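Chemist: In order, the protein sequence lines correspond to chains A and B.
Under full-length UniProt numbering, think of the first position of the first sequence as 1, with each following residue one higher.
Under full-length UniProt numbering, think of the first position of the second sequence as 1, with each following residue one higher.
Hints listed in this document are in silico derivations from the structure and should not be mistaken for laboratory results.
Treat the hints with caution; some may be incorrect.
Derived pair list, reagent style BS3-like, types lysine-lysine, alpha-carbon separation capped at 30 Å [stated by the list, open to error]: (1) B:Lys72 - A:Lys62; (2) B:Lys208 - B:Lys196; (3) B:Lys197 - A:Lys72; (4) A:Lys97 - A:Lys144; (5) B:Lys295 - A:Lys2; (6) B:Lys197 - A:Lys66.
Because the structure is a prediction, the values reported are computed rather than measured.
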Amino acid sequence: MKHVISALVQNKPGVLAHVAGMFAARAFNIDSLAVGRTDDPNLSRMTIVVVGGSEVLEQVRKQLGKIVSVVKIQDFAGRDVVARDLMLINIHCRAEKRAEIQALVSMFEGKVVDIGPKNVMVEISGPESKMEAFIDACRHYGIKATARTGTIAMPRYRKGDKS
Amino acid sequence: MKNSSNAPQMQGAQIIVEILKEQGVDTMFGYLGGVVLPIFDKLYDTDIRFITPRHEQGGAHMADAYARCTGKTGVCIATSGPGATNLTTGIANAMMDSVPMVALTGQVRTELIGGDAFQEVDTTGITRPITKHNIIVKDVNNLAEELRQAFYIASTGRPGPVLVDIPVDVSVGTGRLNPPSEIDMPGYKPRVEGHKKQIEAAADAINKSERPVLYVGGGVIISNSSREITALAEKANIPVTTTLMGMGAFDQNSPLSIDMLGMHGAAYANMAVQNSDLLIAVGSRFDDRVTGQLKRFCPNAKILHVDIDPASISKNVQVHVPVVGDAKLVLPEITELLEHKPRESWFAQISEWKKAHPFTYDKNASNIKPQYVIEELWNQTKGEATITTGVGQHQMWAAQFYKYKYPRQFITSGGLGTMGFGLPSAIGAQVARPESTVIDIDGDSSFNMTLTELSTAVMYNLPVKAVVLNNGYMGMVRQWQELFYQRRYSHSHLLNPNFAEVAKALGAGGISIERKDEVPGAVEKMLSYDGPCVLDCRIEAEENVWPMVSPGKALDEMAGLEIFEKMP
Chain A
1 MKHVISALVQ
11 NKPGVLAHVA
21 GMFAARAFNI
31 DSLAVGRTDD
41 PNLSRMTIVV
51 VGGSEVLEQV
61 RKQLGKIVSV
71 VKIQDFAGRD
81 VVARDLMLIN
91 IHCRAEKRAE
101 IQALVSMFEG
111 KVVDIGPKNV
121 MVEISGPESK
131 MEAFIDACRH
141 YGIKATARTG
151 TIAMPRYRKG
161 DKS
Chain B
1 MKNSSNAPQM
11 QGAQIIVEIL
21 KEQGVDTMFG
31 YLGGVVLPIF
41 DKLYDTDIRF
51 ITPRHEQGGA
61 HMADAYARCT
71 GKTGVCIATS
81 GPGATNLTTG
91 IANAMMDSVP
101 MVALTGQVRT
111 ELIGGDAFQE
121 VDTTGITRPI
131 TKHNIIVKDV
141 NNLAEELRQA
151 FYIASTGRPG
161 PVLVDIPVDV
171 SVGTGRLNPP
181 SEIDMPGYKP
191 RVEGHKKQIE
201 AAADAINKSE
211 RPVLYVGGGV
221 IISNSSREIT
231 ALAEKANIPV
241 TTTLMGMGAF
251 DQNSPLSIDM
261 LGMHGAAYAN
271 MAVQNSDLLI
281 AVGSRFDDRV
291 TGQLKRFCPN
301 AKILHVDIDP
311 ASISKNVQVH
321 VPVVGDAKLV
331 LPEITELLEH
341 KPRESWFAQI
351 SEWKKAHPFT
361 YDKNASNIKP
371 QYVIEELWNQ
381 TKGEATITTG
391 VGQHQMWAAQ
401 FYKYKYPRQF
411 ITSGGLGTMG
421 FGLPSAIGAQ
431 VARPESTVID
441 IDGDSSFNMT
451 LTELSTAVMY
461 NLPVKAVVLN
471 NGYMGMVRQW
481 QELFYQRRYS
491 HSHLLNPNFA
501 EVAKALGAGG
511 ISIERKDEVP
521 GAVEKMLSYD
531 GPCVLDCRIE
541 AEENVWPMVS
551 PGKALDEMAG
561 LEIFEKMP
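Excised from the complex, chain A in its bound form (with noise of 0.2 Å):
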């Protein structure tokens, strides 16, 4: 079962080894780990994805909560949460295939970023799933390389919310 988690952190050196270290210490599975500043320049917001049971997550929660340089601790379980990756995709394309490699970007509403004699980047956000999906569609032109940002996640709006 994969878990969102994100943790407020006080952004400080060393705060994302502390933070990595504690999962690897106590043997949690990271899925993935996406940290930026916030718009507050003295935090930067981790969202980590977990893999493990209930226990596990309530195990996670509470020791990221043990970390003095963690501020606050959100998990969305059971809630609806947007959640998005941002991939740059490196294709191998010789210039007949543009066209047909452009077609298949705009279905996934992605952008071409760059192009070369025998490649084209493209940049795509959206949810995993998609993402492995345009990797599957993409697969067979032959992909040179990928990069991702990782998943991060914020809950929607619910009514009772303070907004």
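Put chain B on the given structure of chain A with help from the hints.
Modeler: Using the frame of chain A, we list chain B on its own:
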């Protein structure tokens, strides 16, 4: 970080010393080195008592034991590189047993960091998994606040070690000493008060139980709630077992005491726990040495768990009634709601188990039995001594055969199981309690690891006593090899020095005995010796610790009970 412009300016090293004084530090343990020289130079002008061990590990253990004895935060200091790495065992030990500690390490100049400079290691990287928190201070203007936070984090919530790494240019740089302000860390808000609903649920569970057992851990000692646990046990009439870390939290002379539980715990404690209908765990964390096979632990009991650390709840066992908070505050609130129950059949059953399987040993043996030595220590000190231990068989015998009356009377390495802890921790304890008789009950292999600290005891005139239960083996390892490896004693045998002569060479007293009839006289001589003294007891070489819950067995599947039965 708030800086007030009119705060006094001074050298970083002076700021460190000012904060130590402000935090009430009167004693420190540590070892010099190049990058901490500025700090030592400033310490020279203070009244802080300073103890220099023979190895940084010893210094960390001393600070650890000092903290355990006094309840204050222990402070140790080491230089960068090897100094810092030598501290790590002591820091990990403090972490596992939740001991409040601030470890200061020197670091190479800020501009050299990352360049593999002389005596450089990534100290915060190395100690991250073994500290409650750690930090490298790169700006002298942040030094005061970071140090104040370190002391605050170390001593509040579930205590633990905090390491502050200080580059030498920060120590010699000039910065502001801001006045103390209220500490407000967004990510650190320990919860001390229990939740009303949880407290009511706990009291309700206790009132409904027929066969409850209190399972008391080191958290009760840390939070100074021995009195509160006693009040609870007495009001609701509940038998009390303690963990190794909890020894002394509940007076073992009380009729409610059922002594230690676990792998080498009392048979009657283990049976009581396994047959209970409610296990009330307070400040204990369900260590595997306590629970035996988890799946078969307390099969018919509800589990109630009081702990300040929410992460300890349902970490190893599923807890039915959790109460998160400081035992000192939570226990009286629970006790308030409790009823007294006679529980006659429950106590009758327990006293039957007690009668059938007491801790004992072969009292007619002709050679020295280690248990006998400990009983003799207990008799002659009237149960009043502070006992420290190394790790191994002797540690278990010290837990089984000395009866503890007070919290902070038994100082031992529980979670990490650090061999070599005994002598340095005795020194730290003696520094904390100059008037007390402090005895390190040690094994020969544990003692070998840190015996150089005897010269620290001699140098500072600390009259610690070390009793070495010497069987020429790594005793516990040998026991496991006997039981699980067909007596193939692979490298567990030791050729020891003559410990009494070593002690004399280091300036301490030394006594060696080989015969049983020498024990009382030798113990008396050691106790009355003016200064540190080692009593080397050549004990029965293949004595085992019984009873024993073998790995993978349930808590009440104890080996060795039949041995007790055969004994006179």
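Chemist: It remains to establish, for every hint, whether it holds in the given structure.
Modeler: Going down the list of hints, with the structure as the test:
{"no.": "1", "hint": "B:Lys72 - A:Lys62", "in the structure": "holds (27 Å)"}
{"no.": "2", "hint": "B:Lys208 - B:Lys196", "in the structure": "holds (18 Å)"}
{"no.": "3", "hint": "B:Lys197 - A:Lys72", "in the structure": "holds (24 Å)"}
{"no.": "4", "hint": "A:Lys97 - A:Lys144", "in the structure": "holds (16 Å)"}
{"no.": "5", "hint": "B:Lys295 - A:Lys2", "in the structure": "holds (26 Å)"}
{"no.": "6", "hint": "B:Lys197 - A:Lys66", "in the structure": "holds (23 Å)"}
In this structure, every one of the numbered hints holds.
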